[in-house]
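Peer 1: All chains, full assembly: derive it from the sequences and hints.
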Amino acid sequence: MSTIRIYPAMPKKVYVYATCLVDTFSPDSGLDAIRLLERTGVEVVYVPKQSCCGQPAYSSGYDDDARTTALSQMALFPEPWPVIVLSGSCGGMMHHHYRRLFAGSEHEQSVNEFCDRVFELTEFLVHVCRLRLEDKGPATSVVLHTSCAARREMNVHVTARQLLGQLEQVELREQDYESECCGFGGTFSVRHPAISEAMVQDKTRHLCETRAEQLISADWGCLLNINGALEYQGQPLRGMHLASFLLSRLEEKHA
Amino acid sequence: MHNRPQHFHAQAETALANAELRANFRGAMDYLRDKRKTAFADADEERTIRDRAEAIRQRCLSKLPELLEQLESNCIANGIRVHWAENADQANAIFTDIIQSHGGTLAVKGKSMVSEEIELNHAMEKEGITCLESDMGEYIVQLGQETPSHIIMPAIHKNKRQVAELFTEHVPGFQHTLDVDTLIQTGRNVLREKYRTADVGVSGVNFAVAETGTLCLVENEGNGRMCTTVPEVHIAITGIEKVVEFLADVPPLFSALTRSATGQLVTTYFNMISGPRKENELDGPKEVHLVLLDNGRSQAFADEEMRKTLQCIRCGACMNHCPVYTRIGGHAYGTVYPGPIGKIISPHLMGLEATQDLPTASSLCGACGEVCPVRIPIPELLQRLRHEAKQDPKPGTAPMRGQKAAASNAEAFVWRSFALITSRPVLYRMLTWCATRFRRLIPNKLGPWTRCRTAPKPAARTLRELMAERNK
Ligand code: SF4
Chain A
10 MSTIRIYPAM
20 PKKVYVYATC
30 LVDTFSPDSG
40 LDAIRLLERT
50 GVEVVYVPKQ
60 SCCGQPAYSS
70 GYDDDARTTA
80 LSQMALFPEP
90 WPVIVLSGSC
100 GGMMHHHYRR
110 LFAGSEHEQS
120 VNEFCDRVFE
130 LTEFLVHVCR
140 LRLEDKGPAT
150 SVVLHTSCAA
160 RREMNVHVTA
170 RQLLGQLEQV
180 ELREQDYESE
190 CCGFGGTFSV
200 RHPAISEAMV
210 QDKTRHLCET
220 RAEQLISADW
230 GCLLNINGAL
240 EYQGQPLRGM
250 HLASFLLSRL
260 EEKHA
Chain B
2 MHNRPQHFHA
12 QAETALANAE
22 LRANFRGAMD
32 YLRDKRKTAF
42 ADADEERTIR
52 DRAEAIRQRC
62 LSKLPELLEQ
72 LESNCIANGI
82 RVHWAENADQ
92 ANAIFTDIIQ
102 SHGGTLAVKG
112 KSMVSEEIEL
122 NHAMEKEGIT
132 CLESDMGEYI
142 VQLGQETPSH
152 IIMPAIHKNK
162 RQVAELFTEH
172 VPGFQHTLDV
182 DTLIQTGRNV
192 LREKYRTADV
202 GVSGVNFAVA
212 ETGTLCLVEN
222 EGNGRMCTTV
232 PEVHIAITGI
242 EKVVEFLADV
252 PPLFSALTRS
262 ATGQLVTTYF
272 NMISGPRKEN
282 ELDGPKEVHL
292 VLLDNGRSQA
302 FADEEMRKTL
312 QCIRCGACMN
322 HCPVYTRIGG
332 HAYGTVYPGP
342 IGKIISPHLM
352 GLEATQDLPT
362 ASSLCGACGE
372 VCPVRIPIPE
382 LLQRLRHEAK
392 QDPKPGTAPM
402 RGQKAAASNA
412 EAFVWRSFAL
422 ITSRPVLYRM
432 LTWCATRFRR
442 LIPNKLGPWT
452 RCRTAPKPAA
462 RTLRELMAER
472 NK
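For the record, the sequence lines run as chains A and B. Each residue of the first sequence is one higher than the one before, starting from 10 at the first, in the working numbering. Each residue of the second sequence is one higher than the one before, starting from 2 at the first, in the working numbering.
Calculated directly from the structure, the hints in this document are not laboratory data. Nothing here was measured: the structure is a model prediction, and the numbers come from that model. Be aware that a few hints might be false.
In silico lysine-lysine, BS3-like type, Cα no more than 27 Å apart, as pairs [said to hold, decoys possible]:
(1) B:Lys458 / A:Lys21
(2) B:Lys405 / B:Lys395
(3) B:Lys395 / A:Lys58
(4) A:Lys22 / B:Lys473
(5) B:Lys195 / B:Lys287
(6) A:Lys58 / B:Lys458
Far from chain B by the CB rule (all over 10 Å, computed), these chain A residues [what the hints assert, rightly or not]:
(7) Lys21
(8) Asp37
(9) Ser60
(10) Asp73
(11) Asp74
(12) Arg141
(13) Ser205
Here a beta-carbon is modelled for each residue, glycine too, at the ideal position from N, C-alpha and C.
Peer 2: Right, here's the structure in full:
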């Protein structure tokens, strides 16, 4: 699905789309992402009325309801600034699936223009901000999990790795079956709980087997699933948002 | 009693609880994935092969009705008799007629998923005709009175110990061994004998060439060639979507197929059948028949988006890469075609009433679409089918068989509320406010979610609140 993208020059302002999961479950990740973006010199605009991209309704087959949600969200970002999404799967929804939802409708053109402005955080940091990170943290090891949508719709598993790769003191450990789904899939995890369980158990096992100190992901959907399973199993490993991790490496006080 | 898609949940749970089955699948899928990866080691080459394969399939499908007519007339010109079957019953009746008109009682069959689709073996048995599977995997599956678990490797769910057990039980004189070569030789010896005595040979078709009236068959064991050359009568059966326009379309598709399926650049055998034995020829069947089966395919064809389903060349790569298939195996689906392709084609073959659970049994991770050599957008089609199972047809499209079969007022209410809440900032704010303030009231048990996870805990303050504070 991923086509070659032409990236814009560094803008003066960007919008941040934090996603409903970050808003509710991990607002700190949102703040950290905003701080990280600000460090690159861009002004970050956070629109407090944002809620959810509509993916849960869309993936359940409720296109009309997803359209209602999508239209309400798009209306909140009228300026031509980039919209930076703090999750690969919501990014995939807003960059790819909105086009399909509105294909052939009166909104088609304006929706496509909006979709063009949507970027996932790490791809924006790498390709537009050309972020260079100076690692001030202590030596540690991490393992990265990228969501399937991030990987296959946005191609941002690459950019997440590039960012982590810049950190001199951070060893990136490889897990078996890295590209395999963690078993979340939104409503899939409750509609088909037994299959989802088998998937998340394999995923957490492979993550733990790396013996990394920290799990990193840029997708709170997956983290809700993986962290919940790790905690249930009594494992010490936990996942944090990539933005929080990067920021922690840049600030002396954490060192 | 065979599995059914209606019992998908229970069948999946049973499969998941079977540790040996899970290990068999994990091992086999890893092997096939690695093979594919090696065959597509060059990313540019992979892209080129897939581009061409996709383009050919789309072009051929865009002219499907004309190509089928052209195929028919060229086959007839070659001496192949062509039959049309709208559904499984008609197809089986055609088989019965042909076999009985020759007084036949034994048919040998090369691997053919379409014959599984019409349950040919079963139907022939009722007519007193034995239909013996000659593909090694199919033969093993048949011995165990099972159906194939994979479209390329029918017995992939079994390990050698299980195969040896089956042989011990069914093959007279078999000395128990776990030596794979001996196991294969045992199967071969049994089958060789049957080719000589069979009245009819049955095969599938990988590509039917309209331009020349040629039937192409891809295989590795040589049993397909035995089935199509030794018996006096050969009957080939295929779904109507398998037709291609030109002979030149075949090599690119063949390449895409073998690399995706078994990671081979070419297979051991590639058969092109262009008619029965001619007068001065020494071998080959005296009669060749082609059965063209619809069985719901024209429903997929009628809708431009769903039509992409028919691009499939049955390589099985989507299964090998599917995290769901890898864990539950083919039988859990209860459909002839399992895995991702099964989820998108079965609703057309069997209707949405029966198959409504299949399109939801995917995390939409996209691994299937990522490997499909003809680039079928499987996740998008799954989403489309989820929509069709729950709601009226999209404007401008005809209703599907079983349209709206999974409609639920309660669920519709949930998503209408979702749309309302997420599009009204005040409501959304109220909801998240409650979630964060009353987070301690969230129960530790949250139905299916907490069977393997702790309940998620909302933060004390939402990001919106933190930002409001920060901007003060
Ligand atoms: S859908 Fe694609 S990957 Fe799956 S069997 Fe068909 S051609 Fe192969």
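Peer 1: Sort out whether lysine 458 of chain B lies within 27 Å of lysine 58 of chain A, counting only the CA atoms.
Peer 2: Given that 27 Å is the threshold and the Cα spacing comes to 22 Å, the pair holds.
Peer 1: Beyond 10 Å from every Cβ of chain B: is that where the Cβ of serine 205 of chain A lies?
Peer 2: About 7 Å separates serine 205 of chain A from the closest Cβ of chain B, which leaves it inside 10 Å; violated.
Peer 1: Holds or violated: is the Cβ of serine 60 of chain A farther than 10 Å from all Cβ atoms of chain B?
Peer 2: violated (4 Å)
Peer 1: Is lysine 405 of chain B close enough to lysine 395 of chain B, meaning Cα to Cα at most 27 Å?
Peer 2: It holds: about 11 Å lies between the C-alpha atoms, which stays within 27 Å.
Peer 1: For arginine 141 of chain A, which was marked as not at the interface, is the minimum beta-carbon distance to chain B over 10 Å?
Peer 2: The claim stands: arginine 141 of chain A keeps its Cβ more than 10 Å from every Cβ of chain B (closest is about 26 Å).
Peer 1: Compute the least Cβ-Cβ separation between aspartate 74 of chain A and chain B, then decide whether it is above 10 Å.
Peer 2: Per Cβ check, aspartate 74 of chain A is inside 10 Å of chain B; nearest 4 Å; violated.
Peer 1: Between lysine 395 of chain B and lysine 58 of chain A, is the straight-line Cα distance small enough, at 27 Å or below?
Peer 2: violated (31 Å)
Peer 1: Take a quick look at whether lysine 195 of chain B and lysine 287 of chain B sit within 27 Å of each other, Cα to Cα.
Peer 2: holds (19 Å)
Peer 1: Checking the smallest CB distance to chain B, is aspartate 37 of chain A really beyond 10 Å?
Peer 2: At roughly 7 Å from the nearest Cβ of chain B, aspartate 37 of chain A sits no farther out than 10 Å, so the non-interface label is violated.
Peer 1: Quick one, are lysine 458 of chain B and lysine 21 of chain A close enough, alpha carbons at most 27 Å?
Peer 2: violated (36 Å)
Peer 1: Are the Cα atoms of lysine 22 of chain A and lysine 473 of chain B separated by 27 Å or less?
Peer 2: holds (20 Å)
Peer 1: Does the claim that aspartate 73 of chain A lies off the interface hold, with its Cβ farther than 10 Å from every Cβ of chain B?
Peer 2: Contrary to the label, aspartate 73 of chain A does not stay out of reach of chain B, its closest Cβ about 8 Å off (not over 10 Å).
This entry does not satisfy hints 1, 3, 8, 9, 10, 11, 13, going by the numbered hints stated previously.
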